[in-house]
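First to last, the protein sequences are chains A and B.
Counting from 1, position 43 in the first sequence corresponds to residue 43 in the working numbering; the numbering is continuous, with no gaps.
Counting from 1, position 108 in the second sequence corresponds to residue 108 in the working numbering; the numbering is continuous, with no gaps.
Treat the hints with care, since some could be wrong.
To be verified - If you want the footprint, here are the derived chain B segments under chain A, 3+ residues with CB under 8 Å: (1) 84–90; (2) 181–192; (3) 231–243.
None of these hints come from the bench; they were simulated from the model.
We put the CB at the ideal spot given by N, CA and C, even for glycine.
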Amino acid sequence: MDPATAETLAGALETRPQMPAPLPPADAGAPLRDRILAAVALYPEPRSALIPALRLAQQEYGWLSTEAFEQVADATGFTPALCKSVASFYDMFRLHPAGQHEICVCTNISCALVGAGETLREFSRELGIEPGATTADGRFTLRTVECYGGCGWGPVVSVDERYHEPFGPDRVKPLLDELRGEAG
Amino acid sequence: MSEPRKILLDFEGDRRDIHAYEQAGGYASLRTALGMEAGDVVAMVDTSGLRGRGGAGFPTGRKASFLPKGRTPAYLCVNADESEPGTFKDREIMLRNPHALIEGVLIMSYAMSATSAFIYIRGEYRTEFEVLKRALEEAHARGYVGRNVLGSGYDATVVLHRGAGAYICGEETALLTSLEGERGQPRSKPPFPAVAGLYAAPTLVNNVETLASIPYIVHMGGEAYAAIGTERSKGTRVFSLSGNVKRPGNYELPLTATLRDLIEGHGGGMPEGRTMKAIIPGGSSTPLLMPDQLDTGLDYESIAAAGSMAGSGAVVVIDDRTCMVQLALRVAEFYRHESCGKCTPCREGTKWGTDIVRRIEDGSARQGEVDLLLNVCDRILGKNLCPLGDAFAMPIASYVTHFRDEFQRHVDEGGCPFVAQSPIASLYHDTSGVPA
Chain A
1 MDPATAETLA
11 GALETRPQMP
21 APLPPADAGA
31 PLRDRILAAV
41 ALYPEPRSAL
51 IPALRLAQQE
61 YGWLSTEAFE
71 QVADATGFTP
81 ALCKSVASFY
91 DMFRLHPAGQ
101 HEICVCTNIS
111 CALVGAGETL
121 REFSRELGIE
131 PGATTADGRF
141 TLRTVECYGG
151 CGWGPVVSVD
161 ERYHEPFGPD
171 RVKPLLDELR
181 GEAG
Chain B
1 MSEPRKILLD
11 FEGDRRDIHA
21 YEQAGGYASL
31 RTALGMEAGD
41 VVAMVDTSGL
51 RGRGGAGFPT
61 GRKASFLPKG
71 RTPAYLCVNA
81 DESEPGTFKD
91 REIMLRNPHA
101 LIEGVLIMSY
111 AMSATSAFIY
121 IRGEYRTEFE
131 VLKRALEEAH
141 ARGYVGRNVL
151 GSGYDATVVL
161 HRGAGAYICG
171 EETALLTSLE
181 GERGQPRSKP
191 PFPAVAGLYA
201 APTLVNNVET
211 LASIPYIVHM
221 GGEAYAAIGT
231 ERSKGTRVFS
241 LSGNVKRPGN
251 YELPLTATLR
261 DLIEGHGGGM
271 PEGRTMKAII
281 PGGSSTPLLM
291 PDQLDTGLDY
301 ESIAAAGSMA
311 GSGAVVVIDD
321 RTCMVQLALR
331 VAEFYRHESC
341 GKCTPCREGT
351 KWGTDIVRRI
361 EDGSARQGEV
371 DLLLNVCDRI
381 LGKNLCPLGD
391 AFAMPIASYV
401 THFRDEFQRH
411 VDEGGCPFVA
421 QSPIASLYHD
431 TSGVPA
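The following block holds chain B by itself, in its conformation from the complex:
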């Protein structure tokens, strides 16, 4: 089993208190960075091989290097809108290690010469917002934020901004639109945020975990960080493990670890008496993997080669009792609810697709509707400005492909054969009188 290699969560308890964080070496990396040329800091992040931990996995150093030099204003926006179902890692980082995020934000702000940084945190994370607010006040009092940071001549402004409940605002252009005070609808790219982002100024959008990794990269050096992990997936990653396992939670592992290490090693495996039916490897928008793929590496390339996506690092384990049609229905309903309505294939497809899954689940579907569902998915895929439509089409098509017999059985039998056993059934059926 792969040993946990902890960087972001390498401590007992928490480091909310700035003194505890400083004692562990915190804010030393900010001093180091302020003594370097801004471009050398970006180069160091590039050397580390760090890739965006939000979902897309784009190399962080390269993303920063796309910003035009010397144009002001320029902004850093922190994506703390963690909303992909299954994902709860950024929340734990902010709760237990908020100064790592703030230090990372300050280092990146300096490296890209940002006028201001905005931390866009999802509105539901109220306690996490309060933790960050207190941490930011502490950092201000200690001279890490504000005018002339640590005597360097660099001025750092960090604004905490709470969202108000919209999954789509985790998509970077929607996040910027929302931060501008509008309905959070995505924009077409190009122009990319690096050229025309917040208020049409050059903007870098980075995820919480990505930025919180940067103080450690500056501390250990780009090469040392790049020595952890695989050829193309460097460093550690915090995996959010949930669903039917013995010990769900966040586990920080090097990117050489496998699904088996995470689920069986750290998560304790399946609860007593249960067997595994399927795995969602990267959040609810990613296609399923099957139990015989447990030895797949958790790095971006291995999961892609296995037919899915590493996504946000959210691994959801599904046990043998689960009705896959009900699970598909929950996923479908979610994306239908969150579709912003800007692009027709997504707006219409998520609605009609969800209606079909609901009919299959409740037994009112006609013969042929399983194929119709695949057809709808195909008509959504790749036809929208942002990936939300794909986030509906990819998993739903994979549920049908892997469990076609279950879908067909619902149609043939006129309803769900698994009401008595499926843990999701109680959302759709009154299961109180059903014998288990």
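For reference, chain A alone in the conformation it holds in the complex:
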């Protein structure tokens, strides 16, 4: 990393607020259908629960498979085709199976100006895959994403929807070692 970028990343560490510990999912034990119906009950119109329902189904199956769409359709009363057309609009819905861990590297302008490209290349090298691909063992999916809203604390890397900031290339190998060391 060049000295100017190192200076910026050191400054970011000082201004970034502390992130609280993750909350455990409140009702993860309930059947998917019940969780979807609970979401429907929050809204004046059931259709508003479609995106929450798709998220719940994705959490259940890991991606939005045909079966996942059928489940959403059954619980909400909308057709699978409609559910699929909505899901395909949004970047966070996975229409294909993904790795056990999803690593997203923001490459938008603020992150790019402080070396997101090098962080991304380091992930590619270490994992042996191009962005957009999943490792052969199914452990990791690597993606580039557009602005994640951590611009002053970039480069932003999100692992399984949790932000790591600022994430220079030197943090790539330790992170992967940690994830590889986890059980499962």
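For this one, chain A is given, so just place chain B on it according to the hints.
Showing chain B alone in chain A's frame:
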């Protein structure tokens, strides 16, 4: 240097805990507001001069006054879909001061007699969603949310709704479409959301920072808030500073501050050995300002007079190493990716425009394509239902106008002359073997 005037972020650490927030005077403004006539609360916000902090800068009190009186249902929708590249202020407000947002939502809900309030938070903000969820549960337990708030007879319902990744959902009509469970495409205006918004009911859409400012306005009074800032830009604003500076971060400043105050004063200036090449003053959709415009005020009018827009308050600093064609390409690719496809000039223009910038960057562009790019931008500008097309055309045209020689050099030399130095180059070129 202008002193930081902190309202939204006026504390060390955080106020996630409701007791810490109450000890600092939190939720007293809700009590005050509930003792007032709803219309007087709107009038107070109007007096304060508060303008929307999302991007458009429309006066908040006036926006609320457009809602037809007495029509039910009516909804308040909170725009927490912060997505404009460079912007990360709402995230810090929600992380460190979530109750200020919730209190602001409750005050505004009461003021506009809302049936329910929906907080539409971008899906990627998972931790921020969890912070808000916990804060909302605390507020519920303390009687600030729910039936008969603090014995006033007013019932308040607040629903947290997570988006799923789409920049366009930060546009207010797209946000409403998305909240209705559809693909997030904008609608034509009129009818405006105030008349036909969520489920075709009267709806007010306000940004996080806007609403989080309201408890402080009720506490200090509209006149006192209006005493901060300039003639037409009142109060404080949280500026998101990023890019090549020593201390990037969010800085809350009165609207009398200048770009120099923010970048050199609070942000520590350029990193050692670097000089400034350009500034993006209001998020990636705004035209560039140049280093000789550093003394421009951060208020809406001054930035407009300088030829750009205050936008979302996101200031991105670009240093001398940066290839402006690569930067333009990143901006172009982003808006192409986010164009929802509803309007032809935006759908086609962002695609063909991006292709031209890519050809210029990789050296395959023919002579004349720099002008062709400007032509494409001109054919997008002002011809779409929502501002996304403009968000492509305005910055791209400004990059070409300010750095035309760089664009032309790429065409003449058949590629990027700055691969060895540009911090963005590694996204487009294998720079591992390139000497720095």
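Status of the hints after comparison with the structure:
Counting residues of the region 84–90 of chain B whose C-beta lies closer than 8 Å to any C-beta of chain A gives 6; at least three are required, and the coverage claim holds. Three residues within the 8 Å Cβ limit are the bar, and the region 181–192 of chain B against chain A gives 4, so the coverage statement holds. Three residues within the 8 Å Cβ limit are the bar, and the region 231–243 of chain B against chain A gives 4, so the coverage statement holds.
Hint check: no violations occur; every hint is consistent with the structure.
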